[in-house]
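Keeping their order, the protein sequence lines are chains Y and L.
Numbered according to numbering that gives the first Met the number 0, the first sequence spans residues 0 to 1061.
Numbered according to numbering that gives the first Met the number 0, the second sequence spans residues 0 to 570.
Any given hint could turn out to be false.
Claimed, not checked - Cut-off 25 Å, straight-line C-alpha distance, at most; resulting in silico cross-link-like pairs (SDA-like, lysine to any residue):
| # | chain 1 | residue 1 | chain 2 | residue 2 |
| --- | --- | --- | --- | --- |
| 1 | L | LYS323 | Y | GLU495 |
| 2 | Y | LYS485 | L | ASN453 |
| 3 | Y | LYS824 | L | MET557 |
| 4 | Y | LYS824 | L | SER92 |
| 5 | Y | LYS1003 | Y | GLU495 |
| 6 | L | LYS371 | Y | ILE271 |
| 7 | Y | LYS941 | Y | ASN475 |
| 8 | L | LYS340 | L | LYS371 |
| 9 | L | LYS565 | Y | ASN348 |
| 10 | L | LYS565 | Y | SER493 |
| 11 | Y | LYS126 | Y | PHE903 |
| 12 | L | LYS371 | Y | ILE859 |
| 13 | Y | LYS939 | L | PHE534 |
| 14 | L | LYS542 | Y | ILE859 |
| 15 | L | LYS25 | Y | SER417 |
| 16 | L | LYS25 | Y | ASN475 |
Unchecked claim - To be clear about the criterion: a stretch of chain L counts as covered by chain Y if any three or more of its residues have a C-beta under 8 Å from a C-beta of chain Y, and this derived list gives those stretches:
| # | segment |
| --- | --- |
| 17 | 29-36 |
| 18 | 162-172 |
| 19 | 195-208 |
| 20 | 349-357 |
| 21 | 514-527 |
| 22 | 552-558 |
Hints listed in this document are in silico derivations from the structure and should not be mistaken for laboratory results.
Keep in mind the model is a prediction, meaning the values are calculated, not measured.
The beta carbon of each residue, even a glycine, is placed where N, CA and C say it ideally should be.
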Amino acid sequence: MRKALLHLFILVCISLITTTVYGQKTQNITGTVFDENGQTLPGVNIMVKGTKAATITDSNGKFGLSPANSTGILVFSYMGFETLEVKIDKTKPMNVTLKEKSKSLNEVMVIGYQDIRKKDLTGSVAKADITEMLKAPVASFDQALGGRIAGVNVSSGEGTPGSSMNIVIRGNNSLTQDNSPLYVIDGFPIEDPVAGSSINPNDIESIDILKDASATAIYGARGANGVIIITTKKGKVGEPVINYDGNYGVQRIIRKIPMMDAYEFVKMQSEIWTASEMSGENGYFQTLNGKTWTLEDYKNIEQFNWQDLIFTEAPQQSHNVSLTGGNAGNRYQASLSYFDQDGIVINSNYNRIQGKLSSSIRRNKLSTNLNINYSQATQNGSSPSQSSYSGMNNLFFSVWGYRPVTQPNVDLNSLLESTVDEGVDQTNDYRFNPIMSLNNEYRKNVTSYTQFNGYAEYEFVKGLKLKVSGGYTIDNRRGETFNNSKTRYGSPISIEHVNATLSTSERKTWLNENILTFQTNIDKKHFFNLLGGMTLQESNYDFYSMKTINIENESLGMAGMSQGDASTIISNISDWSMLSYLTRLNYNYRSKYYVTASWRADGSSKFSKENRFGYFPSASVAWTFTEEDFMKRYSDILHSGKFRLSWGKTGNNRVGDYDTYAQLMLLKASEGNYSGINDKVHGVYPFDNTVSSVGTVPYSLPNKALKWETTAQTNAGFDLSFLNDRIDLTLDWYNKITSDLLLQAALVPSSGFGSAMKNIGKVQNRGIEFTINTTIIKNKKFSWSTNFNIAFNRNKVLELAENQIAMLTNGYFDQNFTSSNYIAKVGYPIGMMYGYLYEGTYKVDDFNYDGTTYTLKPGIARYTAENATQPGYPKYTDINNDGIIDSNDQTFIGRGEPIHTGGFTNNFEYAGFDLSIFFQWSYGANIINANKLMFESGNKRKDLNQYASYTNRWTFDNQDSDIPCISNSSSNNLFSSRIIEDGSFIRLKTLSLGYTINSKQLKKVGISKARVYFSGQNLFTWTSYSGYDPEVSIRNTALTPNLDFSAYPRATTFSGGVNLSF
Amino acid sequence: MKSIKKIFILGIIILTTVSCSDFLEKEPHTLTPETYFNNESELETFLTGVYSPIMQEHFYGNYYPLYNAGGDDLTFYQRSSPVSSILCANANSGNTYINTYWKILYEGINRANILLENVDRNTEISDSIRNRVKAEALFLRSFYYFNLVQGWGDVPFRLKSTQSVYGLDAERTDKQIIYDQIIEDIIDAIPYLKRSDELAYTGRITQSGAKGILARIYLFRAGECKRDKVAAGPEVQTYFAEAKKWALEVKESGLHGLVSSYKQVFIDLCSDQYNSTGVRESIWEAEEAGNRGTAEQAAGRVGNVIGFGSTNDYSTVTAYKDLKGMSNPGYSYKFAYASLKLFNMYEAEGDTARGDWNIANYEYTYASTSPKQVTGRKYYYGKLPAGMTSVEGFACTQDAMNNSNNNKTRCVAKYRREYEVVTPKNKNYTPINFPILRYSDILLMIAEADNEINATPTALAYECLDAVRNRAHITPLTNSGLTKDQFREVIKNERAMEFCFEATRRWDLIRWGDFYNYMTDMQAYTQMAGWTSGFRYAINYYKVSEAYNYYPIPDSEMDTNNKITKNNPGW
């Protein structure tokens, strides 16, 4: 582990080495350089004091030098270590041990357009420990980022292989617009998180996260959601090193949800079906071949557990090969990687191939770099949760709902063999054979991502550099869908029959940046660094999709698409451009007082001329108070201490490319009619019964006044380092106010428009972040270090559209559940859950009983749509006490925002072994477990299996139960506190155990380093959540967090691998 | 090295001199109003968008005839669990059907405004085309406003297209001002519209259609004093005179007549035909088409929610879904049932031509096993046509007398899915058009208006009334010596029997000032013998208040429009 860290350091250091001259041929001084742990140090600079003779250590830490003078002093310098002077000793190989300097303070932070040492930082910037993150067996860096950095909330909506992560830094600013951060990959700003997952994590040199405004303001209009800067590896000086990392693992479902078995299922059916139906010719209690079946007969009968049939142990593997080497003038790095992951749901897969080339050339005052990265990721398998119309079309409705057993006269295996359960009324129930749909629905999404970028930097005079960089990315996506006759959407009973869809999109973006920096100092007391530049960026996007239906011969798959009848064709082209000017000044006085100021002007084509430019200033100060004389005496305890204070403004321009324009839409396809109450425009009027009649309608209003959403953020923080860096502590407090929200705001309906993008509303995020790194034990044999971080964010809506005090939203999963289940209300956090308060079931005592019917006692409230409330029906709080439970009785029923989130890592090293244990948690958020509306509600839907928990439903024999009885009461279908669950969890996210083999035998066969390791991911989760996993959010937006319906479950991964260097 | 330095400097100079105004100027790759309206075809496609609200599910396509306008004394909702709606007398200002109906009317108005503002952009398009497009847009805008005034009274009155996301608040305009304007606009439009004999279909507004709707507007305007319970002013007589004048113009055009078989009018609607007998009785229809089978969404739900079909669905049964007629009558929820009052009206007149069509005279019989296909028709007692034993080879039987007599509240059957011609038949979507204006309405409007402006019924009034009655095969009333008041009552009943379930009855009751009384009287009706006992919950659906003479201004408008602070009385 230590070695791996060092290797990383080397990469950073070597790239910064400015002068490197190889020694002469005869070498009469030799030696090896070690660190304090006895590990060799490659790339250490060695100079003969007072001469030009110099060299560096090779990859084994060895050096040789033949100075003209055999006496004198060698100066060993190495980034991150204290410089050491040693007298030349020719008599024997010199063994030199370098002492590490304060590691954390000298860390190089990438802050956008320049790098800075951590001790000189004035803003809130965090560096992710990529070495730690690499221990998790995951496809991309973002999957390992969660819990690593305080205030960076990373979650995935569900466990689909290859699904992208939702990253939110310091809370949601925007109500209706995207809250994901800006990614800057090797200097190239990209708003789409997919770019991040196209990078092989092994190629990542560093990940720096800019959190406060003084850091993000340099990215101006796109910095408000925070910035993630990813720097990929460059070549390093030295002999060519080939590194191979291979890993194989197995994933398993974490937990299955207990369903009713055949006995409980049939027992429930007997409460749904009438007695005569049950004993009739199609009933479960029929008489067949002289035998009359009873409930007891269904005990221990042969039956299905559908979850057993669709979940599988899924393999995953990854292979990385990288090559790096070069000399001072010319360095190269190349890598190839392959990642392949099957999903734990059958017939789902994610794989990625990726290759990268990097070359750096340095000639005197000119240095250049060129990078090419290509990746192609393929995702196979249909999503279980994203069907748009009915929740019944989602996979787990069928998996859970498919019955475990059939009536005696129906062959049990017929369930497996038919596309649908013949016993189910297909007109009102879309259950579909889940095995068949998984095996036959062909869904393939391919994302190809190509990035070229490079720069040339020239130093005119000492301290004055011009860097010109350019980049070009091509993001190409292709989606293929094929529904054959054994699928839900292509079966003979479907309207479109066998059908195929092909869609492609391409986004091409280019960037040019020209940055001038000037660095100087006055009397080594006043240090100045001035930066200025301008950047240009332009992006073009196109999308095409075509569909054919009624395909005659399905055996050809996509190749037979042309056989079908043409159906929907969609085309869409858009573009945007940005022009920006930026400047930053860093000043410090004797590394004691720091001032940073930056300013950026962003012009965007998305806004009209009058509002095109946005201006984003920031300023920050820092005071390293431990540099003050009066603090020096405490330096044994408080090694270093800094106070930071910053303020700045950043923006968000994530609106449509043409939102300022009035636009018309030519409608023919599916936009002909309102399907419900949504805002869909419509235009087709079929004159003369002609369905192809096409209409044009206005669908958006011009808004020339549209402008940037602005976030003003104040940040105050301490960086403290105790006991000679044994304890590092960072504490930040921030207050962000986002105003002129880009909000899809409701308009006056009589204007003829439903909503428009407007700058309306205000949101606040306040919070505290705390990080502590400790090195508890550190000696040559054993070390133990920890990282602990925790973040508290409080989100609050301060203002909405004119006069609006609340904004209601439906987190959609089914067309029968379209009432608002989320609310954003002034004074409260965004994404509060909204609905009725559940009081339990109506009990017999609530009724008057006349011997035949139960009539509610006067004064006991009933649900409005219910003519006859009965015992066992769900009972909700009549908040306004009017005797009727209706929409006026809805209130907050849960919170989407966690109270705190964080992570805790422990690292141990002993005699070649390294062990890393990482926990992640989230506390205080709720989940809407919408699955319970269908699987713990007994809506009298025949033959629909239910959760095993529903065996405890209210019946006259079980009158204490607060689970509603079987009824088709519409009150079963309400969003209420009944289905709100605590989503808090703490998870043993990553555990990794490795052993580095330090063997001469290996060295002989050319292996310089070998490490074998075992790692596990999502090993254990402590939670009270009853669904598959508490990290769930199938409609993940700021307004609709943490909704669970038929989400893809998360897997536990066990893997083992080997890491070899040649 | 020098050269590199030069390249750098040159590069910077080039880059910084890129004209930023050009670089940041991006025109949308989508249609904009600025770049549209160039030729005839673009005018026509935009006009299609102006028509579009008419066929939407929130207008004639589904909800309006049922939930909004269906709340009258002839209909009830055949479910014990009410739907929040005017129909079930439990609406509020948050009601979906009210909110969206309001919204799409204004969408239509805004579209018409945009078209009117841009129609003359290219003057090279021939005058005749531009004038007709203009006339249709002008008419449709007026028609949408009439629907707003009819529903809500005073409403925001916008005659210019919406141009900005700001400053959209608008006060309610006095309905009389709106009436004046829309009447003037329709009169201006009429000469430029197509004549009915110039079109082979009836989904487009014609001169006859516009004149008929104008007559309807005048009649409703004449009844505003009754709705508002104020004394009738002298202008009311002129409204009746104008109504008569415009309706009479349609009559005298000679383009229209009554189809001899009442039911054929509706069979045409159901089977995608337009006045198949050659007699132009249907003057204006809301068009619905297709079965939502592929990409198009032009089918509505007439016949599926309000209308008659099978209670079993065959749309997913391979063997039946492509069949028509009795073999696959199409699914219907049968939400709308006819009240006993309407049944008794027909019985009293011996009106079977209309009664046995508008109210189901049979129910299907089904096989007992899935998919429970239709095996025949079982007629209610006394409804089996003499000598009929089968239809399309399916057996026709008759129900027992007692059963039928206890069960006189029957399904609305004006729109019958049996006659659909588009296959496969969708469970929920139908191509059945909705009748907006028929010639019999023209005749009865003449009769009614003429009666109001004369002391006693004239020959013209009788002629028009009896044309309708003769077609229904019920006793003509010419020379029956009715007084003016008696004649008015006859007209009221005649309109009920002729136009039930065509989304006009509720408005007739309101303009006659009868709405509240007639509706509350229905509460007793629901308890009478013959009202199927299982349907007596319908009593709740007739418990309207006086507030129901108007719709509530929708919450969506009240919440966003700062210039409307007060809702209609009672809401």
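Status of each hint after checking the structure:
1. L:LYS323 / Y:GLU495: holds, 19 Å
2. Y:LYS485 / L:ASN453: It is violated: about 72 Å lies between the C-alpha atoms, which goes past 25 Å.
3. Y:LYS824 / L:MET557: holds, 18 Å
4. Y:LYS824 / L:SER92: Holds: Y:LYS824 and L:SER92 sit about 21 Å apart, inside 25 Å.
5. Y:LYS1003 / Y:GLU495: The given pair, whose Cα atoms are some 66 Å apart, is violated under the 25 Å limit.
6. L:LYS371 / Y:ILE271: With a Cα-Cα distance of about 21 Å, the restraint between L:LYS371 and Y:ILE271 holds, given a limit of 25 Å.
7. Y:LYS941 / Y:ASN475: violated, 46 Å
8. L:LYS340 / L:LYS371: violated, 33 Å
9. L:LYS565 / Y:ASN348: Between L:LYS565 and Y:ASN348 the Cα gap is close to 59 Å, so the pair fails against 25 Å, i.e. violated.
10. L:LYS565 / Y:SER493: Roughly 49 Å separates the two Cα atoms, so the pair is violated.
11. Y:LYS126 / Y:PHE903: Holds, because 16 Å separates the two Cα atoms, which is no more than 25 Å.
12. L:LYS371 / Y:ILE859: Since the Cα atoms of L:LYS371 and Y:ILE859 sit roughly 43 Å apart, the hinted pair is violated (cutoff 25 Å).
13. Y:LYS939 / L:PHE534: holds, 23 Å
14. L:LYS542 / Y:ILE859: Holds: L:LYS542 and Y:ILE859 sit about 23 Å apart, inside 25 Å.
15. L:LYS25 / Y:SER417: It is violated: about 54 Å lies between the C-alpha atoms, which goes past 25 Å.
16. L:LYS25 / Y:ASN475: The hint holds at about 22 Å.
17. 29-36: holds (count 6)
18. 162-172: holds (count 7)
19. 195-208: holds (count 4)
20. 349-357: violated (count 0)
21. 514-527: violated (count 0)
22. 552-558: With 4 residues close enough to chain Y, the hint holds.
Checked against the numbered hints above, the structure breaks hints 2, 5, 7, 8, 9, 10, 12, 15, 20 and 21 and satisfies the rest.
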